[in-house]
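Q: If you read the protein sequences in the order shown, they are chains A and B. Okay, so the first sequence: first residue is 1 according to UniProt numbering, each after it adds one. Okay, so the second sequence: first residue is 1 according to UniProt numbering, each after it adds one.
Please keep in mind that the hints were generated in silico from the structure rather than gathered at the bench. Treat the hints with caution; some may be incorrect.
Simulated pairs of lysine-lysine, DSSO-like, Cα-Cα distance not exceeding 30 Å [as the list claims (entries may be wrong)]:
| id | chain 1 | residue 1 | chain 2 | residue 2 |
| --- | --- | --- | --- | --- |
| 1 | B | K109 | A | K251 |
| 2 | A | K301 | B | K194 |
| 3 | A | K301 | B | K139 |
| 4 | A | K347 | A | K251 |
Given next are the chains, with one letter for each unit.
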Amino acid sequence: MRRYAVATARALPLGLLALTDVVLTVVVVLMIVLSFALGLIFLFPPGARMLRRRTALARRLSDRWLGREIGPSYLPPPPPVRRQPDGWYRHDRQLYKTPRVPEWNNRWKWMFGDPATWRDLLWVTLNPLLGAALLLPVIAIGYAVSTARQGQPVALLLGLMAVAATAATPWLLRFYGWWNEMLLGPTAKSLLASRIHSLNQAHLETADSQAAELRRIERDLHDGAQARLVAIGMTLGAVEALVETDPTAAKALLGKAREASSTALTELRGLVRGIHPPVLSERGLGDAVRALALDSPLEVKVTVDLKTRPEPPVESAAYFSISELLTNAVRHGGADRVWIDISNQGKTLRVTVTDDGSGGADPARGSGLRGIERRLAAFDGVLAISSPPGGPTIVTVDLPHALAWEDDSDKTAQMPKWKWAIVGFGYGLGWLPLFPQGIVTAIMKIIEHENKSWFYILYLPEPVQWPLIIFNIALGIVMYGAAVLIPIQHSRERWMAEATPRRLWLHR
Amino acid sequence: MSARAVIAEDLYLLREGLVHLLQAHGFEVVAAVESGPELLKALTTERPDVAVVDVRLPPTFTDEGLQAALAARRAIPGLPVLVLSQHVEQLYARELLADGSGAIGYLLKDRVFNAEQFVDAVRRVAAGGTAMDPEVIAKLLASTARHEPLGELTPREREVLELMAEGRSNTAISQRLFLSESAVGKHTAGIFTKLGLAPSDDDNRRVLAVLTYLNAARS
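For reference, chain A alone in the conformation it holds in the complex:
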């Protein structure tokens, strides 16, 4: 009962909202027509923006009321126009003094060229029709009630119709959600485009941070170990000159050289630790994090549940993220205890760092967290923070595909039973229609052999014989074909699913 009431209550505002789309459609179509017919091109982007605002609302409502999460379907926005070295901004073959015009050009081309804009328009145009359908139950109820008031006998019939319409409402809503997803959901193309966009972004950031890292190492080596080695060399030169004339002074200098070499080693150790901690390459992520925990002034509890070692670059990214998070907990969180949990969720390497500090960590402010995100971006990693004021702070780092070849329990890896059944059936029985009852029968018929033996078609009336023979041959070919093609198709799907984001293959 409750279910129908909720469905009807949701259908009413959705339907009314959809009816107002008539106005929006008229306005937007008018704007588009004007922008092309009269060259008032500046009207196009506002029109497209209005559409996008409306469909954004529709997506939100779909998520909340229809239980269908619909992601945005637009292509990634154009990158900002870059200033050239000569101070001009370029668009195609024209130069501009300010970035305004090229940027505006890019924007409208982006909106115009995006198929999602036109699908938005189609959705808005057709939405009032579906909205009216959503209002049917309410209208039926209202009509039935009003006729009953007037005492007309038709009220009974109308009442039955209202009941039927109300009963259908949940299905109506489900259809509406499906319809929304069809037109407003992301297509494989837009998913791929935004995926490539984010990959490019990650690629650039990785290259950037790598270059910065190398510069830092170069500087540290140049100012540190290298300089000290020069000093040692000079000291040894002086020792060489002094060793016969003034052995005491030479001995003192040698002591100095030894000290300098010791300092150089200490510096190199620090540097190496910053590049790739030795314990990480020696023992792997688990023990490296345990070593980190031992060196921390906080009470750190580490639990590691990994069946295999991730690839070294992933390990390194995870290690430095944890290190940074631990430093944050000491520096800002005011924490006493920290729990670090490393585990695998299927192919995903998941790290959870929890502390009992004061909370309030904000990735927008902390450059440390931003640095972690950048480090993780190279591996498609995601950083999630829950840090309410007063704590506790829980940071989760997910590195998908970090344990790429580990998980055999994946459902796509194994063919489902029914596919195996078809393959077995095809190979096992495909010969029967193809050879004895197909090709051999055909030969028998062509040479007009007397003995009908067990070729059943020859017992049947003459006119159906040839069609049946052809049908049998075709059936055999189809059975064999299915048996061969189904495993091939399956492994290709699996391979594609592994190589591309999973959601794409749901939207194909």
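Knowing the structure of chain A, use the given hints to seat chain B on it.
A: Only chain B this time, still in chain A's reference frame:
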């Protein structure tokens, strides 16, 4: 009879240097090897009086040396091993000390520069004592500084504890800190009382007691 030593180090120059250094100080080097499996074999067949082992050895260049040393000590409990490394980790120190039978050293490779101190450490380990790198101790103390009751120690007592944890005797500590031996004795007694440990003269037991305490404080 001179003490028999086994050396494991993959860098040729350093290996030869260690061999010469130990020979010059009266050790008999029975084997100088360069990989983990060789080391394990040398340790179990030769049963040396002391082994000087580099953590990172071929073939995997991970912690082969450490693993071989730990495996050998499982087979021959109390086999004296001095582990050398380019870096020190509390984790490894704990693993080495975990069996509680002593005769363990864990030093940075830099310590070889100071021949006297290094040979002293080798002798201490050979005699069943311990030699922990000051850096390990510093890390231990830094990471446990916030925990009670270590915080109750006076600065002087902390200094004494650090040297004690390195494996030094009261005499050595008194020389290092320019104190009388009785004053050091008083400090150690103070430390033991504050940490709730029974006092003992045995160097090895002292270090183990300290490290066990530090271990316990964390878990």
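Q: Any hints from earlier that this structure breaks? Give me their numbers in increasing order, please.
A: 4
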